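Line by line, the protein sequences are chains A and B.
Taking our numbering, I'd label the letters of the first sequence as residues 1 to 509.
Taking our numbering, I'd label the letters of the second sequence as residues 1001 to 1509.
Source of the hints: derived by calculation from the structure; they are not laboratory data.
Part of the chain A face toward chain B, derived, beta carbon under 8 Å:
(1) 23
(2) 24
(3) 139
(4) 142
(5) 146
(6) 458
Computed from a predicted structure; not experimentally measured.
Beta carbons: idealized from backbone N, C-alpha and C, even for Gly.
2 protein chains.
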Amino acid sequence: MTTTPFPSPSARPLLKLRRVGIDSYRENVAFLARTCIRHRPEEFQALGKVEIAHDGRLILAVLNIVDDARILADDELGLAEQAFAQLGLPEGSPVGIAQAARPASLEAVRGKILGRGFEPSEIEAIVRDIAGHRYSKMEIAAFLIASARFLTTEEVLGLTRAMAAVGTRLEWAEPVIADKHSIGGIPGDRSSMVVVPIVAAHGLPIPKTSSRAITSPAGTADTMEVLARVDLGVAEMRAVVERERGCLVWGGHVNLSPADDVLISVERPLGIDTREQMVASILSKKLAAGSTHLLIDIPLGPTAKVRNRNEAIALRKLFEYIGDQVGLAIDVAVTDGTQPIGRGIGPVLEARDVMAVLRGDANAPDALRRKALLLAGRIIEFDPALRGGRGAARAQELLETGQALAAMERIIDAQGRAAGNHRLGDLTYEASAPADGIVEAMDCYRLARIARLAGAPMDKGAGIDLFCKLGDRVRAGQPLYRIHACVPADFRFATDLAGEDSGYRITAA
Amino acid sequence: MTTTPFPSPSARPLLKLRRVGIDSYRENVAFLARTCIRHRPEEFQALGKVEIAHDGRLILAVLNIVDDARILADDELGLAEQAFAQLGLPEGSPVGIAQAARPASLEAVRGKILGRGFEPSEIEAIVRDIAGHRYSKMEIAAFLIASARFLTTEEVLGLTRAMAAVGTRLEWAEPVIADKHSIGGIPGDRSSMVVVPIVAAHGLPIPKTSSRAITSPAGTADTMEVLARVDLGVAEMRAVVERERGCLVWGGHVNLSPADDVLISVERPLGIDTREQMVASILSKKLAAGSTHLLIDIPLGPTAKVRNRNEAIALRKLFEYIGDQVGLAIDVAVTDGTQPIGRGIGPVLEARDVMAVLRGDANAPDALRRKALLLAGRIIEFDPALRGGRGAARAQELLETGQALAAMERIIDAQGRAAGNHRLGDLTYEASAPADGIVEAMDCYRLARIARLAGAPMDKGAGIDLFCKLGDRVRAGQPLYRIHACVPADFRFATDLAGEDSGYRITAA
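Sequences and hints are given; from them, build the entire structure.
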């Protein structure tokens, strides 16, 4: 039958691996020269993905074509930073490239598009493939959009479990590991930085990881960084918690839910934020962090993320149900989200508020103090050794006696006290009341935008210092808040926006 | 109220434009150095898109971060090829970069995700933004998936009109401009290359643009390229059609439906191919090409794209309805898609079949001859000057008298006769019948894959030469087909696949 003998397998053509110094943001990208000696790269490109293999290692990547010999030569295969790290071979290694087979789990995504449900095993396979960077961003978007129309409670559960399973999993040798999480949306809400030292002072371990701001003027990690180092790895974080019972670190080095990190890199630019995906995202991270007891804070208000009580209740129930199924004890607090909690918006200003509350300063923002006490009290209630109902009083005692402040100072020292002295931006502008009246509404979204334009969180000293809150009586010309900025251009953008509309609504008394 | 004077607008920081020799495949990509002197690029990246502006020009792009000073310096802003061309400024131009506002039309996509319909004006805005490269691939995927669940007939109509409106629009000074389009899926079906010269010989203008193969072993453009130049621009194509009444060119230089080209760059890797998107894609291109009368070929068979008659009918009706609404006279032919049409699969072999039919060779593949005559006859019926029902006879007459062959030779000369003599690959392998019997089924999909692995269409002489078709009686050991390849590695892959399963099913007689 055969008219010509088979050639040997070594005839398979290979290219030389080269690292290309481009960060393609959570997507594997490979490069071939348009004049590549081995392949016609346009064909690969039209079909989307290639696989790069050597010695049993294999990664999938999206292909870009290079027209510049300084970036890539004809006999090279380039990989952007993330893909290069994932393949884990030295530059110059001989590598083969071929059209990639579509990940098998995409069939389940196609089924979902057509209206079918996911089996738990299908969700596991999808999440494994996403965490392994085998989905392109287009394919992740397809999964998210197909899921956004409906995701049953069982599917949310499957997604939570699958996402927790693929990352680092922290184990703690203690029966209760407390945690708190706010779904966010309210500027100037740094309750965590008061809650953690109170709970740690009580003796309950609370290893808190936080995010940096992406769309907001400050994340807890940005604010804590005014006081201490926050980019700790897992071992360092563990050491701090073992000694001080609590920490306030950035979650970026901890790799708790790599699939979620990839999903978020698509959700955020698409602006998709469904209740189901939010719950799976938060709870998978907490599971992976080894938390056993979790307080969820849902701020409710007309310009907050959750804007009516029914929405808050539906969200609370979903948290509770999934928590019960995965063995996380969950308490949900629906809190006041009608206005910023502290006085400052922006890292330096928010850190100032936190320390004022911990020190018990007379002029410390009362709303921040009260909210932190409420949340800390409920977390302390998780302690089985405590008599039921004693949490709130215990929290207050720890704050008032300065034990919380001492715990905070120890946590700061353990993480590494910040060397630089961050100063408030010295370009300032005061927005003032146009007429006599009462502060009837504050637009959290607008105030956050103004603070962000002023330079927060990149400039830690930029932001807004609020002088009036809801219900305050003001006179015409009385300052409502002061903008701080460090750079003239930012200052101008922020004051322009504040000039259009201050974000305050004042009505005649 | 103001405590500090506003800075001047010139304080807005600018970067130097640099062209980065990377082809990012129908997506605008911008680059900033991680150590950029003006911005914190990570912030931009997390939110997905940036806008780059100078002097009233503005483009949107996805941002990648560069860690290599040879690719990009600290004070530069890089643009990949497509984005650089779109912005249209010289290197070194001062450009500003900012977080991009989300295209307003994405709100309609979000509505569709939640189950609402599109207004025609919303579809127009979406298509304009897609053609203007203001959607990232993720956003395009969101639009496609949200639409894949359901798209009403009116939405298909809106999409067709909107896509036709954004590209080049060809105008012809003739009352009838004929065209044909096959939805594809059958290997070795080069009917167009026989139909076009027959119709042109009749005198009806038929300016045919075709694609190159992406997933198949040969597109009409790849096969025509064995005989003539196919990469003509609009003006050249017009000149050929004015002189010879027909052409067979590659559509890639004609830019008829730029939105569709972008959509396809996402549909193809995602493997989404809904009936609605296919109809809008095909008809928008034909509208933009200035066609007035169109024959659509729907091959029907168990391994073709359309696999049952109801599907074919639903598709036919959608073509007819949209055609009626946009003023395109449409005739739909549902044809035999149970097996390859010609004998050859691959550019050189298919060109051989086409020329054999045109020359009237005794051993020319009869199925190709009959199918081309059927389709050409129906297109000739579009001619108002012809007596009804005369189309088939006229087509046959033009073929048998050699007038079609002469038209083809003139078209080849007008486009530019191919210089090189493409030869058949000389690595050959014959797949043979395992036992006596009758050819009961041929797997079009598998045969196409074998031909593709053998090197088609990149190696024009690679492919499969079929010796037996459906219903043929064969004896054990009798050759079914011969594989041709040019490169040993490809040859091995193709013969391996054919060895596993030849794609033929032989049953005892």
